[in-house]
Amino acid sequence: MASFITSPAWFYGIDSALQIVTVVIALLIAFYGFHIYRFIGQKKYLFFALSFLSIGISMVLGSVTSFLLYFVWMKHNALYVLVHDFMLFYEVGFLSHFFFHLAAYMILIILCLKIEDLRVMSLLFLFVLLTLIIAERNFVSFYVVSLILMVLYIVPYFYKNYQENRNSKTKRVFFAFSAIALSQLLFLLSVWSDRAYVLAHISQLIGYITLLVNLISVLRK
Amino acid sequence: MERRDKVKIIYDILKSVQEKGGRIKPTHLLYKSNLSYKRMNELVQELMGKGMIAEESVSSGKMYILTDKGHKFLNEYHKMVEFIKGFGF
Numbered sequence: 001m002a003s004f005i006t007s008p009a010w011f012y013g014i015d016s017a018l019q020i021v022t023v024v025i026a027l028l029i030a031f032y033g034f035h036i037y038r039f040i041g042q043k044k045y046l047f048f049a050l051s052f053l054s055i056g057i058s059m060v061l062g063s064v065t066s067f068l069l070y071f072v073w074m075k076h077n078a079l080y081v082l083v084h085d086f087m088l089f090y091e092v093g094f095l096s097h098f099f100f101h102l103a104a105y106m107i108l109i110i111l112c113l114k115i116e117d118l119r120v121m122s123l124l125f126l127f128v129l130l131t132l133i134i135a136e137r138n139f140v141s142f143y144v145v146s147l148i149l150m151v152l153y154i155v156p157y158f159y160k161n162y163q164e165n166r167n168s169k170t171k172r173v174f175f176a177f178s179a180i181a182l183s184q185l186l187f188l189l190s191v192w193s194d195r196a197y198v199l200a201h202i203s204q205l206i207g208y209i210t211l212l213v214n215l216i217s218v219l220r221k
Numbered sequence: 001m002e003r004r005d006k007v008k009i010i011y012d013i014l015k016s017v018q019e020k021g022g023r024i025k026p027t028h029l030l031y032k033s034n035l036s037y038k039r040m041n042e043l044v045q046e047l048m049g050k051g052m053i054a055e056e057s058v059s060s061g062k063m064y065i066l067t068d069k070g071h072k073f074l075n076e077y078h079k080m081v082e083f084i085k086g087f088g089f
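As they're listed, the protein sequences go chains A and B. Numbered per this note's numbering, the first sequence spans residues 1 to 221. Numbered per this note's numbering, the second sequence spans residues 1 to 89.
The set of hints was computed from the structure by calculation and includes no laboratory data. Certain hints may be false.
Straight-line alpha carbon distances no greater than 20 angstroms define the calculated PhoX-like cross-link-like pairs of lysine-lysine that follow [to be verified]:
| id | chain 1 | residue 1 | chain 2 | residue 2 |
| --- | --- | --- | --- | --- |
| 1 | B | Lys50 | B | Lys72 |
| 2 | A | Lys171 | B | Lys79 |
| 3 | A | Lys44 | B | Lys85 |
| 4 | B | Lys79 | A | Lys221 |
With the rest of the complex left out, here is chain A:
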């Protein structure tokens, strides 16, 4: 229940709204990714589109679950309502959110590491399921795993890409994923500080807005 309890009261609902913005951005990138796949026909572009589609679905599930929880919380202002009537919905909502988020990261790692072996891909998805089983008992583990995936695999790949091709686009992508990785760290810290929860959402939004700027800068040409 980390993400509910650690949110400051004034931020209830705002986090859902911020997540909806990221949903729109992720879906726009996914849509353009599908367009590239249809045009060029390489599977890696389908994977690219699917990773952002998965992020979009994850954010919708996270946002809707959070919003409904706040709605119930504010209406009844009692934890027993959550415990007795809402716990199953809460767990299913957030576990689905975690699943799609981790699946998106795994697809990005498959692209970053240029993995083509189906057995390795299935192994990675077994890892996602294992993380979900752990996350079912302790939601914090989701943020720990997300942070590890970002810091060890995804961000270093985009940094290397920026080093090898120094231009505004590679720089923006590296910056965007660094901001998203930072948001994962802040979500983790939000267990101890509600300010970290607010900063996590802001950092995440900055990351996705940077990706949107990148997309717009290409499409405007």
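Let chain A serve as the given structure and place chain B on it in line with the hints.
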């Protein structure tokens, strides 16, 4: 795999025409596209069918002209490659 190669070849053909100011002789296109005569002819016919290039008769033979649709294809392809290169994929 086959489709990817074809899209890239089509891009290279259209780019060759564009680099020659939008008009190119078949012999120059054959040289620049690095394809067999038969394969180049097949693709040129396909591109003409799709309206991306047009044929124009001149005193020395014929020329291939890049159409607006061809320009749009090149522009679209270039945008996509530029976007995806930002991610390094």
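For each hint, the structure was consulted:
Taking the CA atoms of B:Lys50 and B:Lys72, the gap is about 12 angstroms. The hint holds against a cut of 20 angstroms. A distance of roughly 17 angstroms separates the Cα atoms of A:Lys171 and B:Lys79; the hinted pair therefore holds under the 20 angstroms criterion. As the CA atoms of A:Lys44 and B:Lys85 are separated by approximately 12 angstroms, the hinted pair is consistent with the 20 angstroms bound. For a cut-off of 20 angstroms, the pair hint linking B:Lys79 to A:Lys221 stands: about 8 angstroms separates their Cα positions.
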